[in-house]
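Novice: What follows is the residue order along each chain.
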Amino acid sequence: MSIAPPASPQLEVSDIQGDILRAYGNSFDHTSYAFVQVDCPPEQARTWFAGLLDHVTTAAPWRPGEKPLTTLNVALTAGGLAALGVSGETVGSFSHEFRQGMATRAGLLGDSGVSAPERWQDGLGTGAAHVLLTINAQRAADHRRALGKMEAAMREVGGVRVIVRQDAQLLHGAREHFGFADGFAQPAIEGATDDKVRGGGVPERHGRWRSLAAGEFVLGYPDEDSRVDRRRRLPPAPAGVLGRNGTYMVWRKLHQDVALWRRTIAAAGARYPYGDARKLAAKVVGRWQDGTPVETHPHGPDPDFDAAAPGANDFRYGADHDGRRCPLGAHIRRSNPRDALGHDGKLSLRHRMIRRGMPYGPPLPEGAVEDDGAERGLVFVSFQASIFRQFEGVQTPWINDGNVFGLGDDKDFLLGDPEGSGKMTIQGAKPFFLAPQAAFVVTRGGEYLYMPGMAALRAIAAGAAG
Amino acid sequence: MSLPAVSPDAPPRNVHGRTTSITLLTTQKPWGRFWMPFMFASARAAPRVLAAMDGLSFISFASWTLIRELPYNGPPQQVRRLRHAHLFFEVSFNGSWAQYIDSSVRVLTTGMYTFWGSSRRFPGPLPAGPFQAFFKAHEIDCSHYHCAYPDATVTIVRSAIELERRLEMFAHRAANIPSDAFEDAWEAFLEDAQEYL
Amino acid sequence: MSVRSTSIAGETYSLQVWTPIRPGEEDALRDYLEALPPEASPLARVPRTHMARWLIVPDMPVAPGTDLRDPLGGPFLLFTSNFDGDVDSYLHELVAQIPQEAAAIWSRCVGCPQPPEGAALKAYLHRNQIQAGFAFAAYPQASVAQIRRALDKRRRLIDFAVGAQEMTPAQRREEFLERFGPR
Chain A
1 MSIAPPASPQ
11 LEVSDIQGDI
21 LRAYGNSFDH
31 TSYAFVQVDC
41 PPEQARTWFA
51 GLLDHVTTAA
61 PWRPGEKPLT
71 TLNVALTAGG
81 LAALGVSGET
91 VGSFSHEFRQ
101 GMATRAGLLG
111 DSGVSAPERW
121 QDGLGTGAAH
131 VLLTINAQRA
141 ADHRRALGKM
151 EAAMREVGGV
161 RVIVRQDAQL
171 LHGAREHFGF
181 ADGFAQPAIE
191 GATDDKVRGG
201 GVPERHGRWR
211 SLAAGEFVLG
221 YPDEDSRVDR
231 RRRLPPAPAG
241 VLGRNGTYMV
251 WRKLHQDVAL
261 WRRTIAAAGA
271 RYPYGDARKL
281 AAKVVGRWQD
291 GTPVETHPHG
301 PDPDFDAAAP
311 GANDFRYGAD
321 HDGRRCPLGA
331 HIRRSNPRDA
341 LGHDGKLSLR
351 HRMIRRGMPY
361 GPPLPEGAVE
371 DDGAERGLVF
381 VSFQASIFRQ
391 FEGVQTPWIN
401 DGNVFGLGDD
411 KDFLLGDPEG
421 SGKMTIQGAK
431 PFFLAPQAAF
441 VVTRGGEYLY
451 MPGMAALRAI
461 AAGAAG
Chain B
1001 MSLPAVSPDA
1011 PPRNVHGRTT
1021 SITLLTTQKP
1031 WGRFWMPFMF
1041 ASARAAPRVL
1051 AAMDGLSFIS
1061 FASWTLIREL
1071 PYNGPPQQVR
1081 RLRHAHLFFE
1091 VSFNGSWAQY
1101 IDSSVRVLTT
1111 GMYTFWGSSR
1121 RFPGPLPAGP
1131 FQAFFKAHEI
1141 DCSHYHCAYP
1151 DATVTIVRSA
1161 IELERRLEMF
1171 AHRAANIPSD
1181 AFEDAWEAFL
1191 EDAQEYL
Chain C
2001 MSVRSTSIAG
2011 ETYSLQVWTP
2021 IRPGEEDALR
2031 DYLEALPPEA
2041 SPLARVPRTH
2051 MARWLIVPDM
2061 PVAPGTDLRD
2071 PLGGPFLLFT
2081 SNFDGDVDSY
2091 LHELVAQIPQ
2101 EAAAIWSRCV
2111 GCPQPPEGAA
2121 LKAYLHRNQI
2131 QAGFAFAAYP
2141 QASVAQIRRA
2151 LDKRRRLIDF
2161 AVGAQEMTPA
2171 QRREEFLERF
2181 GPR
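Chains as they are written, first to last, in this note's numbering: chain A, 1 to 466; chain B, 1001 to 1197; chain C, 2001 to 2183.
Keep in mind the hints are simulated off the structure, nothing from the lab.
Keep in mind that this is a model prediction, so the values were computed, not measured.
One should not assume that every hint holds.
The calculated lysine-lysine pairs, modelled on DSBU-like cross-linking and capped at a C-alpha distance of 35 Å, are [claimed, not checked]:
{"#": "1", "chain 1": "A", "residue 1": "K346", "chain 2": "B", "residue 2": "K1136"}
{"#": "2", "chain 1": "B", "residue 1": "K1136", "chain 2": "C", "residue 2": "K2153"}
{"#": "3", "chain 1": "A", "residue 1": "K279", "chain 2": "B", "residue 2": "K1136"}
{"#": "4", "chain 1": "A", "residue 1": "K149", "chain 2": "A", "residue 2": "K67"}
{"#": "5", "chain 1": "A", "residue 1": "K430", "chain 2": "A", "residue 2": "K279"}
Simulated restraints on C-beta separations [unchecked claim]:
{"#": "6", "chain 1": "C", "residue 1": "P2115", "chain 2": "B", "residue 2": "P1071", "range": "29 to 37 Å"}
{"#": "7", "chain 1": "C", "residue 1": "A2120", "chain 2": "B", "residue 2": "R1166", "range": "31 to 39 Å"}
{"#": "8", "chain 1": "C", "residue 1": "P2182", "chain 2": "A", "residue 2": "D304", "range": "18 to 26 Å"}
{"#": "9", "chain 1": "C", "residue 1": "P2113", "chain 2": "B", "residue 2": "N1176", "range": "22 to 30 Å"}
{"#": "10", "chain 1": "B", "residue 1": "P1071", "chain 2": "C", "residue 2": "S2089", "range": "48 to 56 Å"}
{"#": "11", "chain 1": "A", "residue 1": "R208", "chain 2": "C", "residue 2": "P2182", "range": "30 to 38 Å"}
{"#": "12", "chain 1": "B", "residue 1": "R1165", "chain 2": "C", "residue 2": "S2005", "range": "25 to 33 Å"}
{"#": "13", "chain 1": "B", "residue 1": "E1162", "chain 2": "A", "residue 2": "Q121", "range": "13 to 21 Å"}
Beta carbons are placed, not taken as given, at the ideal position from N, Cα and C, and that holds for glycine.
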C-alpha cells in the first residue's frame, strides 16, 4: 500500500508555545514548575491570566542575540479550564483521559503501592492544580527574578496562589540521577526537527528514515492517520480556537532511589557473567551512561559518541530478534521499539512522545550506596497529540508489561513497578536473570495538562474560548 | 475537518484480568450473505490467511458467524426471519480495546476488508478513528465475562506450552546423565529456553 | 460421513447460544448476571471453559446513519463459550456443575423447560445453538488443564532459574531434579 506524500502545512510557530517543537536548550538549566490554584471567580482569574500572556514564549525562532534570559510557558488542567470560565461543553470536547486526570487513571499507569495517588505529594492529582507555569532561566539570578515577578503578579490580582512549586536543574553532563545521558533522543517532526530524522523518525526500507507528521505532536495538523485517510481528516482536537496549535502535556514527578539502584546493580553485576556492574546497567537501560546505544556497541561505550551529532541515534534493532545485543526488555527498547515489533515499524510510529523533563534534587555523591533522605529524581514532561495513544500507549503495554516483546510479566526493570515477575532476562548464550526488581522509581505525583496555542490563550483570557 | 474523539477505555465488565472481550453485530450488505460464507470456507481451507493475526499474538479466541435467523421457541417469541443478514463477531484478546484496534488496522489492513467489507457503514480500516467509532456503534457489552487464566497473555500461554515440552525432555535427560554432565546440559537448556521464561 | 462442525478450532469449540428473554425479565436477568463476581465466576466450575460470556442483546444494532432496523422482537440472552472437546458433553457438564446459576439464568428465557435442569435444559441450549462460521484459537491443541499446568511449571522454572544463579553446580543439579525430575 503506497502512502501519499503528506501535504504538510507550514507550522504556525508564532502561535505554538515554545519548548514543544524544539527544546530551549541546555543553557536554560534553571527551571521551576509552578502549579497555580484558582480560588476566585473566573473573571478575576482571567485578569491575572491575561497579564501572563505578553511574557509567554512562542516557538518562533530566536534571531542571533535575541535569546531571552527567561522563558515562560502556560498549561492547564481540565479543572483549570473550568476555573477560567471555559464552558462545560467546550471542556467536554477535550480528550476523555485528559478530563479524567492522571490520578483517576493511576491503575493503568502502574501507579500502585508506593506510587499510588493516595501517597502523592500534596496538591498533585487532587483537582486543585489548575494552571502550570513553567519558567526556564539561563542564570540563577534571572530565575529568582522571574519567580518574584510571578508571585507579585498573583498577589496583585489575588485569588490565585501557587500550591506546588517544583524546581529542577540540569545535572552535570546533562545526565539524570542514575548517571545516564538523557533527553537527546527525540522524534523527528516534519517541518520542525527534520534534522533528527536519522534515528528519530520512522524507520523505512533500505536504511531510510522519514520524519513524523506534525499532527502527532501539535493539534490542528495532519497526523500519521491523516496520511492514510483519503479525506485527509485531522485528528480529534478540542473545539474551536483551543484545538489549533496546542498539545497535550504529561507532567510526572518521579522520585529516584539512587542508592537502591546502585546497590542492586553492584550486587547483580558481581554475578553477571559477561561483564561488570556498568555493563549490566547499560544492558538494563539500552544505552551506556554516555548515551552510546547498546545495540550498536554491546561491549563498551563508543569513545567518539556525540549525542548531539545528527546520526547519533541512527540505529535499528533489525537482526537482533533474540535480544543478545540489546536485551528485549531494555528501557529504551521498550519506550521506543523502532523496528523491533516488525511490520516496518507500523506498530511503533503512533506512540512517539516529545520529552522535555529535567532532573530535580541534589546528586547523590559518587560511590554512595546509602540513601541520604534527599528528594531527588526526574520531572518527566512529555508533549503529544493523544495522551492515551502516545503516553499511556507506551506506559501500559510497553513499560509495565512484557507481552508484546515476548517477555510475559516482565516490566521495565528501571522504571516499571515491581509487582510483576520481578525479573529481567539479559539474553545471551548464558542468559542472566536480573532480580529482584525493586521500586527504583516512585511516582510522587502528576497531572494531565493542555498547552494551548497563543490565540487560544488569548481567547481563554478574554472569556471567548467557548 | 477533524475526526470525533472515541473514548479509549473498555467497559469494565468486558475485561477479566489482562483479557478483554469484544462482541459485535453488524448488518450485512446484500452480497454479504454470499461473501461471508465464502470467506469462512477460504479461511478454513487456507489458515495462512490468518497468519498475520496469529503473528500479532494477542488474540486468544475469535469467531465470526453469519446470522440469518434465530431458533424459534414458541410464543411470546416473535417468529421472524431477519430482514438482513448480520455478522456476529466475538474475540478475546490481551491489551486495551483501543490499542487492539489501532494495531489491527495498521497490520491487518487486508484482513479488515475481508471480514468487515460487507458490513454496512464500514468506513475502511484506516484511519483508525472512524474504525474505532464503527466498532463502538456495533458493540454489545458483556454482563459477565470469565477467563480461566485471566492474567496469562497469549504470549505467556504459548511460551508456557513450548517450555513444558522442552522441560519434560530436559528433565528426562537430566535424570539419566552422569552428574558432572548436568552443568553443561543445564546451560544448553537455558540458552534454548530463555525466550520462553 | 459427518462434516466437521464449523465451530471447531483444533481441540477447542466455539459455542453460541441465543435464547429470547421473557417479556419484563430483561432487567432482573441483567442485574443477576452483573452481580456474578468476576473473581468467583460460576463458569470456573465448568473447568473445560477457556473463555465465556453472557450478554444481553437488546436488539440488533442499527448501522449509524441508516434506517436499517431489523427488530429482534425482544431482547436476547447470548451465551458464548470457548471450551475443550465436544459440545454435547460440555453442555452436559455445564448443566450438571452449575445447576443453580443455569436455572436462575435460563428460566428467564422463552421456551426454557420446567424444571430448568438436566437433560431437558441441555437439549434447550443445544437447540438454540448457532454454529459459528469460522472459529480461531491461538493455541488450538491446548486444553485448560494443560495450560494451567504449563503456566505453573513456567513460574516455578523461572523462580528456580533466578535462584539457581546463586547455587553451586551440585546444588543446581540436586534442586532441579528435586523440583522437576521425572516422578
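Novice: Evaluate each hint against the coordinates.
Specialist: Right, here's what the structure says about each hint:
no.: 1; hint: A:K346 / B:K1136; in the structure: holds (23 Å)
no.: 2; hint: B:K1136 / C:K2153; in the structure: violated (39 Å)
no.: 3; hint: A:K279 / B:K1136; in the structure: violated (48 Å)
no.: 4; hint: A:K149 / A:K67; in the structure: holds (19 Å)
no.: 5; hint: A:K430 / A:K279; in the structure: holds (15 Å)
no.: 6; hint: C:P2115 / B:P1071: 29 to 37 Å; in the structure: violated (21 Å)
no.: 7; hint: C:A2120 / B:R1166: 31 to 39 Å; in the structure: violated (48 Å)
no.: 8; hint: C:P2182 / A:D304: 18 to 26 Å; in the structure: violated (55 Å)
no.: 9; hint: C:P2113 / B:N1176: 22 to 30 Å; in the structure: violated (58 Å)
no.: 10; hint: B:P1071 / C:S2089: 48 to 56 Å; in the structure: violated (21 Å)
no.: 11; hint: A:R208 / C:P2182: 30 to 38 Å; in the structure: violated (54 Å)
no.: 12; hint: B:R1165 / C:S2005: 25 to 33 Å; in the structure: holds (28 Å)
no.: 13; hint: B:E1162 / A:Q121: 13 to 21 Å; in the structure: violated (45 Å)
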